[in-house]
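Engineer: In case you want the letters, here they are:
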Amino acid sequence: MSSLDSITPAEPARQDQAIAVPTGAGSASLSTEVSFRRARSAAKRQTLRDVGLRVASVIALVSIWWLLSLFFPPSLVPKPWDTFAEVGVIVTSGNFFTEMGATLRRVLVGFGLAMIVSIPLGIFMGTLRSLESFFEPPVILGLTMPGLIWAVLAIMFFGLNETSAYAAVAVTIAPMLAISIWQGTKSIDKDLIDMSKVFHASAWSKVVDVILPQLISHILAAIRYGLGLAWKVVVVVEMFGFSNGVGYQVVRGFNVFSMKAVLAWTITFLVVMIVIEFGLIGWLERSVTRWRPRVEAWRR
Amino acid sequence: MAYVRVDRAVKFFPREDGSEMLVLDGVSFDAKEHGITCLLGPSGCGKSTLLNAIAGLEKLDQGEIEFRVPGSTLHPTSHIPDLPARSPKLGYVFQDPRLLNWKRVEDNLVFAFKGMKIPRESWQGRLEKYLSLVGLLSFRKQYPLYLSGGMRQRVGLARGLAIEPEILLMDEPFSKLDQLTARQLRQDTVDICARLGQTTMLVTHDVEEAAYMGDRVVIFSSRPAHILEVVDNPLEATERDLDDLAFIRFKKRLLQTVLKLVDQEGV
Ligand SMILES: Nc1ncnc2c1ncn2[C@@H]1O[C@H](COP(=O)(O)OP(=O)(O)O)[C@@H](O)[C@H]1O
Ligand SMILES: [Mg+2]
Numbered sequence: 001m002s003s004l005d006s007i008t009p010a011e012p013a014r015q016d017q018a019i020a021v022p023t024g025a026g027s028a029s030l031s032t033e034v035s036f037r038r039a040r041s042a043a044k045r046q047t048l049r050d051v052g053l054r055v056a057s058v059i060a061l062v063s064i065w066w067l068l069s070l071f072f073p074p075s076l077v078p079k080p081w082d083t084f085a086e087v088g089v090i091v092t093s094g095n096f097f098t099e100m101g102a103t104l105r106r107v108l109v110g111f112g113l114a115m116i117v118s119i120p121l122g123i124f125m126g127t128l129r130s131l132e133s134f135f136e137p138p139v140i141l142g143l144t145m146p147g148l149i150w151a152v153l154a155i156m157f158f159g160l161n162e163t164s165a166y167a168a169v170a171v172t173i174a175p176m177l178a179i180s181i182w183q184g185t186k187s188i189d190k191d192l193i194d195m196s197k198v199f200h201a202s203a204w205s206k207v208v209d210v211i212l213p214q215l216i217s218h219i220l221a222a223i224r225y226g227l228g229l230a231w232k233v234v235v236v237v238e239m240f241g242f243s244n245g246v247g248y249q250v251v252r253g254f255n256v257f258s259m260k261a262v263l264a265w266t267i268t269f270l271v272v273m274i275v276i277e278f279g280l281i282g283w284l285e286r287s288v289t290r291w292r293p294r295v296e297a298w299r300r
Numbered sequence: 001m002a003y004v005r006v007d008r009a010v011k012f013f014p015r016e017d018g019s020e021m022l023v024l025d026g027v028s029f030d031a032k033e034h035g036i037t038c039l040l041g042p043s044g045c046g047k048s049t050l051l052n053a054i055a056g057l058e059k060l061d062q063g064e065i066e067f068r069v070p071g072s073t074l075h076p077t078s079h080i081p082d083l084p085a086r087s088p089k090l091g092y093v094f095q096d097p098r099l100l101n102w103k104r105v106e107d108n109l110v111f112a113f114k115g116m117k118i119p120r121e122s123w124q125g126r127l128e129k130y131l132s133l134v135g136l137l138s139f140r141k142q143y144p145l146y147l148s149g150g151m152r153q154r155v156g157l158a159r160g161l162a163i164e165p166e167i168l169l170m171d172e173p174f175s176k177l178d179q180l181t182a183r184q185l186r187q188d189t190v191d192i193c194a195r196l197g198q199t200t201m202l203v204t205h206d207v208e209e210a211a212y213m214g215d216r217v218v219i220f221s222s223r224p225a226h227i228l229e230v231v232d233n234p235l236e237a238t239e240r241d242l243d244d245l246a247f248i249r250f251k252k253r254l255l256q257t258v259l260k261l262v263d264q265e266g267v
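Note that the protein sequences, when read in sequence, are chains A and B.
Numbering-wise (this note's numbering), the first sequence opens with residue 1 and increments by one.
Numbering-wise (this note's numbering), the second sequence opens with residue 1 and increments by one.
Derived from the structure by calculation, the hints contain no laboratory data.
There is no bait here: all hints are sound.
Once the Cα atoms are required to be at most 30 Å apart in a straight line, the calculated BS3-like pairs of lysine-lysine come out as:
#1 A:206 / B:103
#2 B:114 / A:190
#3 B:117 / B:103
Whenever a hint applies, use it, and build me the whole structure from the sequences.
Structural biologist: Shown next as C-alpha cells:
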C-alpha cells in the first residue's frame, strides 16, 4: 500500500450527495413537487390494478367451483351460493362467534406460550455459543416433528381438555419461532451495540432500542409461519373429540355427511385467518417498518 | 483538566489463518488538554482501533490509556484521590454513522441524551442547537434511511457533539462530506470545541484538515502503527485561515514532515 496515496494534502470532493448549504432548510422545489405528484398517481394506478387482479383471481376460483358443481351431485360438490347461504346462517345464528372464539383462544394462548419460551431461547442461542450447541438438536428435532404427532401426544398426555390444545399449538410452533429469532440475533449489527455502549445506554434501552428493532422483521416472519402451523394443529386437536371449535364443527358436518356444512365452516375459518394474517399482521408489519424505504421501484 | 494519555499501546488482531497481526506497536502520546489533537496517518494503520481502545470498546494487549477529568480518574495514578472515581464523559463520532435507522433523527440524539443522563429540560435546546449546526434541523423528524450518506454522517456528528462530552473522539467525521459542507463543519467544530473546552481527538488522513483543526498533530506510521512525530500547531485556532500565508506555511511544513518521515520509514 502506498502511503503517499492515502495521505493526500487536499481531499477531493466526494460525489455522494448534493452540495448542501449547512444552515439551509431545504424546501422542495416546484419541479420535485410535480414529479412527486406524478409518482404518487402512478403508484395509485398500480395499487388499483393489483386489487383488480386479486378480485379476478377469486372470481375465477368460484367459477371453477361452480363448473364442478354442474357435474357432481350437491352432496359431493354443493353450489357455491348454497354454501355461501350456509355461511350466512352460521354467522347470523350466533354460534359462529363462540366456536371461532374457542379456536382463536386456543391458537392465541398456545402462541403466547411459544413466544414466551422462544424469544428468550432464540436470543440466548444467538448470543451464547454453549447454549447454541446445547439447544440446537432439540430445536431441529422439534422443527421436523409433524404437528399431528404433537397433537396425538398432547391429548394422550393431558387428556381431552384445553391444556392439550394449548400444549399442542405451543410445542408445534416454538421450534420455528426459536430458529428464526436465533438466526436474527446472530445477524445483529455489533457496531450498533458498541455505539450503545459508548453512550451508556441502559440494559433496557439496549434491548428495546437496539436489539428488538433488528429482530422485529424476523419475529414478524416467524409469527406469519407460526400462525399457519397453529391453525392446522388446532383444527386437528379439535377433531379428536373436543366439543367445540371450528375443527369440531367440521367433524360434525362430516358425521352427518353434509358437504355444505364442512365447506361453509372451512370458508368462514379461512376468511378469519386471512383477515388476521394479511390484515392484522400486515398492518403491524407496515407500522413497525415505516422507517425503511420501500423497495418497490424495480418491480413491474 | 480533562486529558488523555496513551502509553505504549500495543494491539494484535488475529488473522484468518490464526496468526497474530500487530496493529498498534507501542503508541504513546498525550492529547492536548482542552484542544484538538489530530491523529494523522495512512488508512489501515490502526487509528480507528486506537479510538476504540480509548472508548473502551477494544482491549489493548499491552500499555495503558489514562484519563484525568475533573472529579477524578479511571486510573489509580490520580492526583486528586479524595474524589469518587468516575469515567470521563465521552462522545464518539464513528467513521460510519452508526445510527439507529428505526429512530427519527432527533430520537437518535435523544437515545444518547438518555444514556448520558442529560437532564430532560435541556433536550429540546440541544436538539435545536446541534441539529441546526449540522444543517439538519428541518430533517429532525425524518428517518435516517431517507437521508443521503453525508446527511447521516452529520447526524452522527450532531449526536457526538450534543452530549457535550469532556472527551470527544471523532473518526474521519468529514471524509464523506462534500467540500463545502466539510469546510463549514470543520470551522464550526473548531469553534464549538474551543467554547466547550473538551479534549478532542480527531482521526484524519487529510493533512490540510489536520493543520486546520489540530492544536496538536500526531503523525502515525503505516501499520504496525507507531508515532513518527508530534507537532504542535504554532497558530491559535482563531488565527488559522485556509488562505492565510502563515497557515499555508504550516500546512506545507506538516506535509513535508509526513513525506520525509514516510520516506525514512522506507515504505
Ligand atoms: N476486529 C478486527 N479484527 C481483525 N482485524 C481488524 C479488526 N479491526 C481492524 N482490523 C485490522 O486492523 C488494521 C487497522 O484497522 P483500523 O484501525 O480500522 O485502521 P484505520 O482506522 O487507521 O484506517 C486493518 O488492517 C484492519 O484490517
Ligand atoms: Mg478508520
